[in-house]
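J.: All chains should be built: construct the whole structure from the sequences, respecting the hints.
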Amino acid sequence: QQQVKQSPQSLIVQKGGISIINCAYENTAFDYFPWYQQFPGKGPALLIAIRPDVSEKKEGRFTISFNKSAKQFSLHIMDSQPGDSATYFCAASPPNFGNEKLTFGTGTRLTIIP
Amino acid sequence: DGGITQSPKYLFRKEGQNVTLSCEQNLNHDAMYWYRQDPGQGLRLIYYSQIVNDFQKGDIAEGYSVSREKKESFPLTVTSAQKNPTAFYLCASSMLAGVVQYFGPGTRLTVT
Chain B
208 QQQVKQSPQS LIVQKGGISI INCAYENTAF DYFPWYQQFP GKGPALLIAI
258 RPDVSEKKEG RFTISFNKSA KQFSLHIMDS QPGDSATYFC AASPPNFGNE
308 KLTFGTGTRL TIIP
Chain D
86 DGGITQSPKY LFRKEGQNVT LSCEQNLNHD AMYWYRQDPG QGLRLIYYSQ
136 IVNDFQKGDI AEGYSVSREK KESFPLTVTS AQKNPTAFYL CASSMLAGVV
186 QYFGPGTRLT VT
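Each protein sequence line maps, in turn, to chains B and D.
Residues in the first sequence are numbered consecutively from 208, following the working numbering.
Residues in the second sequence are numbered consecutively from 86, following the working numbering.
Rather than coming from a laboratory, the hints here were simulated on the basis of the structure.
Heads up, none of these hints are tricks.
Among chain D residues calculated to face chain B with C-beta under 7 Å, some are: (1) G127; (2) L128; (3) L175; (4) V184; (5) P190.
Simulated pairs of lysine-lysine, BS3-like, Cα-Cα distance not exceeding 27 Å: (6) B:K249 / B:K308; (7) D:K142 / B:K308; (8) D:K155 / D:K142; (9) B:K265 / B:K278; (10) B:K278 / B:K212; (11) B:K264 / B:K275; (12) B:K278 / B:K308; (13) B:K249 / D:K168; (14) D:K94 / B:K249; (15) B:K212 / B:K249; (16) D:K142 / B:K249; (17) B:K222 / B:K265; (18) D:K99 / B:K249; (19) D:K142 / B:K212; (20) D:K155 / B:K249; (21) B:K308 / D:K155; (22) B:K308 / B:K264; (23) D:K156 / B:K249; (24) B:K308 / D:K168; (25) D:K156 / B:K308; (26) B:K222 / B:K249; (27) B:K264 / B:K222; (28) B:K308 / B:K265; (29) D:K94 / B:K308.
With beta-carbon atoms standing in for the labels, derived distance ranges: (30) D:S165 / B:P302: 32 to 42 Å; (31) B:K265 / D:V137: 31 to 41 Å; (32) B:G224 / D:A146: 34 to 44 Å; (33) D:K168 / B:N234: 26 to 36 Å; (34) B:S217 / D:E147: 27 to 37 Å; (35) B:I227 / D:K156: 34 to 44 Å; (36) D:K156 / B:F246: 21 to 31 Å; (37) D:Q102 / B:P215: 36 to 46 Å; (38) D:Q102 / B:V261: 44 to 54 Å; (39) B:P247 / D:G101: 25 to 35 Å; (40) B:G224 / D:M180: 34 to 44 Å.
Since this is a predicted model, take the numbers as computed values, not measurements.
Yeah, the Cβ is synthetic: ideal placement off N, Cα and C, and Gly gets one too.
T.: Right, here's the structure in full:
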């Protein structure tokens with residue numbers, strides 16, 4: 208079964224610090240790697256995504272770093288704020304998505320403390 | 086106001102009863118999905134549909150059934166055959182050729 212392994216399961220970061228969440232995948236056919244953010248009692252929402260033709264993508268305080276050779280990608284949250292406290296899911300998808308599906312990691316519960 | 090609607094937000098049922106969860110979208114998306122979310126297990130795909138009157142099983146389809154009679158609607162029935170139905174259920178949709186999935190607010194089902 209195709210897998211995406213996510214770590215850590217939970218993370219506590221002080222306000223203003225950098226939050227780092229890591230994911231590793233097995234299927235080299237994956238070509239789309241999104242991160243979803245989920246607040247308690249809500250559905251996940253797309254945060255940022257990357258394709259393997261670039262090694263890094265930045266949107267505001269959120270950055271995805273991608274290492275194709277290691278089959279790993281990570282989410283960095285700079286200047287972490289209490290409002291960033293949520294569960295984050297990485298995911299991966301192969302090409303021709305119409306016939307396939309997203310494979311999600313198990314999630315990381317991030318808590319930003321003052 | 087475009088989006089995905091799931092109802093109800095909370096649902097309680099007795100063991101042995103079938104229950105149907107509603108999912109409606111007005112995004113004109115072709116594809117719709119049902120996921121189950123349990124603590125520590127991420128999102129697991131139950132069923133997905135790429136077109137009206139057609140759907141495919143996901144990773145954990147046993148004990149569930151779906152229908153897709155209209156483009157905007159994709160109801161999920163949790164049958165009495167589902168051994169552990171208590172969970173948070175999420176519906177999502179996407180453009181057929183797109184990869185971004187948009188999620189609804191979810192329904193928390195409790196079966197006792």
